[in-house]
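There are 2 protein chains.
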Amino acid sequence: MDENEQRLFDSWKNNASSWTRAIRNQQIESRVLVTNSAILETVIELNPKTFLDVGCGEGWLCRELFSKGIDGWGVDASGELIEAARQEGDTRFLVSLYSDLTSHKFGDTVHFSCLICNFSILGQRDVAYIASAGHSLLKKQGKIIVQTLHPIIACGDAAYTSGWRETAWHLIGNETFHPAPWYFRTVESWIEEFHARNYRLLKLREPCHLVTNKPISIIFVFEQQ
Amino acid sequence: MDENEQRLFDSWKNNASSWTRAIRNQQIESRVLVTNSAILETVIELNPKTFLDVGCGEGWLCRELFSKGIDGWGVDASGELIEAARQEGDTRFLVSLYSDLTSHKFGDTVHFSCLICNFSILGQRDVAYIASAGHSLLKKQGKIIVQTLHPIIACGDAAYTSGWRETAWHLIGNETFHPAPWYFRTVESWIEEFHARNYRLLKLREPCHLVTNKPISIIFVFEQQ
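Chains as they are written, first to last, in our numbering: chain U, 1 to 225; chain A, 1001 to 1225.
For reference, chain U alone in the conformation it holds in the complex (with noise of 0.2 angstroms):
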């Protein structure tokens, strides 16, 4: 790891218990209110027989797909997350870097449907193990989904270009945090990135908060060639 994906990865360590907390009191207003019943809707819209969440945090997605009889497992680098997860009494998650993917077990699962991201796409290689990663684990046009912030919307007042970025997060919800850089991609970037390891773009949606009417997120899915 190189020094910003070093802090990236600290600062989960250290916000893992207050994440959790956030999520499950549903303390993220853009969450509750968008974007997880667009990720959601955007898996089940794909019919997938099995799903494998990178970046699946506390689990609640994973949760509510195994609710509507989806098969899949969670991964997150982080082990205190993947304890929260495991805590609420399924054990189909694993501990693993981005890199580490292709080296474990998922039960009977030899290939998934799709890969699932949901905001985990943080680090600047993250796109790239994830990438090499479906090659090894998804089936045949198998697909990966890529939730994160709208770029044009996440970008403020700084130049439109990719880079590592300080995130000014001090507080969510009513937790405290500890501030971890991020790598900044444009929407020209995130398709580019994708399309030049084998996967095509199949649908892009753009989520809009209800009040505002503008976009907060932006879901990429990408099918392998």
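Because the hints were derived from the structure by calculation, they are not lab data. Even for Gly, the Cβ is constructed at its ideal location relative to N, Cα and C. Mixed in with the good hints there might be a few duds.
No farther apart than 20 angstroms at their CA atoms in a straight line, the calculated lysine-lysine pairs in the PhoX-like style are these [said to hold, decoys possible]:
| no. | chain 1 | residue 1 | chain 2 | residue 2 |
| --- | --- | --- | --- | --- |
| 1 | U | Lys49 | U | Lys105 |
| 2 | A | Lys1203 | U | Lys203 |
| 3 | A | Lys1214 | U | Lys214 |
| 4 | A | Lys1049 | A | Lys1068 |
| 5 | A | Lys1105 | A | Lys1139 |
| 6 | A | Lys1049 | A | Lys1105 |
If you want a taste of the chain U side facing chain A, the calculated C-beta under 10 angstroms gives, among others [to be verified]:
| no. | residue |
| --- | --- |
| 7 | Cys155 |
| 8 | Arg205 |
| 9 | Asn213 |
With beta-carbon atoms standing in for the labels, derived distance ranges [to be verified]:
| no. | chain 1 | residue 1 | chain 2 | residue 2 | range |
| --- | --- | --- | --- | --- | --- |
| 10 | U | Val95 | A | Ser1132 | 48 to 58 angstroms |
| 11 | A | Met1001 | U | Asn47 | 32 to 42 angstroms |
| 12 | A | Met1001 | U | Gly156 | 39 to 49 angstroms |
| 13 | U | Lys140 | A | Ser1067 | 40 to 50 angstroms |
| 14 | A | Thr1167 | U | Glu41 | 31 to 41 angstroms |
| 15 | U | Gly163 | A | Leu1033 | 21 to 31 angstroms |
| 16 | U | Val110 | A | Asn1047 | 35 to 45 angstroms |
| 17 | U | Asn25 | A | Asn1014 | 52 to 62 angstroms |
| 18 | U | Ser136 | A | Asn1047 | 25 to 35 angstroms |
| 19 | A | Asn1047 | U | Arg21 | 53 to 63 angstroms |
| 20 | A | Asn1047 | U | Arg200 | 13 to 23 angstroms |
| 21 | A | Gln1225 | U | Ala154 | 31 to 41 angstroms |
Starting from the structure of chain U, add chain A where the hints point.
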């Protein structure tokens, strides 16, 4: 044509001579500084043998491509603009509604490498007409290249949803303009509309303003499936 399309058509009739002057006198800064070279680079990168410039206006882009030895034709619904284009000396310009693109003979060219729509998809049904024409006029795996205002920037204060809008334009450079309605599309809609018609996004670019460092336009390259 419905009422909006008729008003759009009429406004270009009214604007033809002032538009021709505005382009030829380089009065539109964003074009001179950014978007003209962005569309040219995108086309040239694809190394096309032939092109059809759909909504070519007074013909500057055709002339640039002709001068690089690429054969092609320009079409525009405005007889006045095609007249202005021909006055520069080349005869490869034709008047055509977008709904009639397949009813013309383009010299010896039967199938084009690409269709180019540079800020020229302004009506609601234009995408359907052009996508449909592409299936007759394009070579196998031919491309449709679209440049338009970046939806998130062009959206302004209105809700981010596709629909007809009134333009506020009354001046371009030193020229008086007759305002026209135009059909706004989100990034999601642009991609969805072409994907629904058997094209697939190959590349997306977001040319940025050199001073603000924010995207001012977006370029989609769709490939026929």
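Hint check results:
{"no.": "1", "hint": "U:Lys49 - U:Lys105", "in the structure": "17 angstroms, holds"}
{"no.": "2", "hint": "A:Lys1203 - U:Lys203", "in the structure": "13 angstroms, holds"}
{"no.": "3", "hint": "A:Lys1214 - U:Lys214", "in the structure": "17 angstroms, holds"}
{"no.": "4", "hint": "A:Lys1049 - A:Lys1068", "in the structure": "11 angstroms, holds"}
{"no.": "5", "hint": "A:Lys1105 - A:Lys1139", "in the structure": "16 angstroms, holds"}
{"no.": "6", "hint": "A:Lys1049 - A:Lys1105", "in the structure": "17 angstroms, holds"}
{"no.": "7", "hint": "Cys155", "in the structure": "8 angstroms, holds"}
{"no.": "8", "hint": "Arg205", "in the structure": "6 angstroms, holds"}
{"no.": "9", "hint": "Asn213", "in the structure": "4 angstroms, holds"}
{"no.": "10", "hint": "U:Val95 - A:Ser1132: 48 to 58 angstroms", "in the structure": "52 angstroms, holds"}
{"no.": "11", "hint": "A:Met1001 - U:Asn47: 32 to 42 angstroms", "in the structure": "40 angstroms, holds"}
{"no.": "12", "hint": "A:Met1001 - U:Gly156: 39 to 49 angstroms", "in the structure": "42 angstroms, holds"}
{"no.": "13", "hint": "U:Lys140 - A:Ser1067: 40 to 50 angstroms", "in the structure": "46 angstroms, holds"}
{"no.": "14", "hint": "A:Thr1167 - U:Glu41: 31 to 41 angstroms", "in the structure": "34 angstroms, holds"}
{"no.": "15", "hint": "U:Gly163 - A:Leu1033: 21 to 31 angstroms", "in the structure": "23 angstroms, holds"}
{"no.": "16", "hint": "U:Val110 - A:Asn1047: 35 to 45 angstroms", "in the structure": "41 angstroms, holds"}
{"no.": "17", "hint": "U:Asn25 - A:Asn1014: 52 to 62 angstroms", "in the structure": "59 angstroms, holds"}
{"no.": "18", "hint": "U:Ser136 - A:Asn1047: 25 to 35 angstroms", "in the structure": "34 angstroms, holds"}
{"no.": "19", "hint": "A:Asn1047 - U:Arg21: 53 to 63 angstroms", "in the structure": "55 angstroms, holds"}
{"no.": "20", "hint": "A:Asn1047 - U:Arg200: 13 to 23 angstroms", "in the structure": "20 angstroms, holds"}
{"no.": "21", "hint": "A:Gln1225 - U:Ala154: 31 to 41 angstroms", "in the structure": "32 angstroms, holds"}
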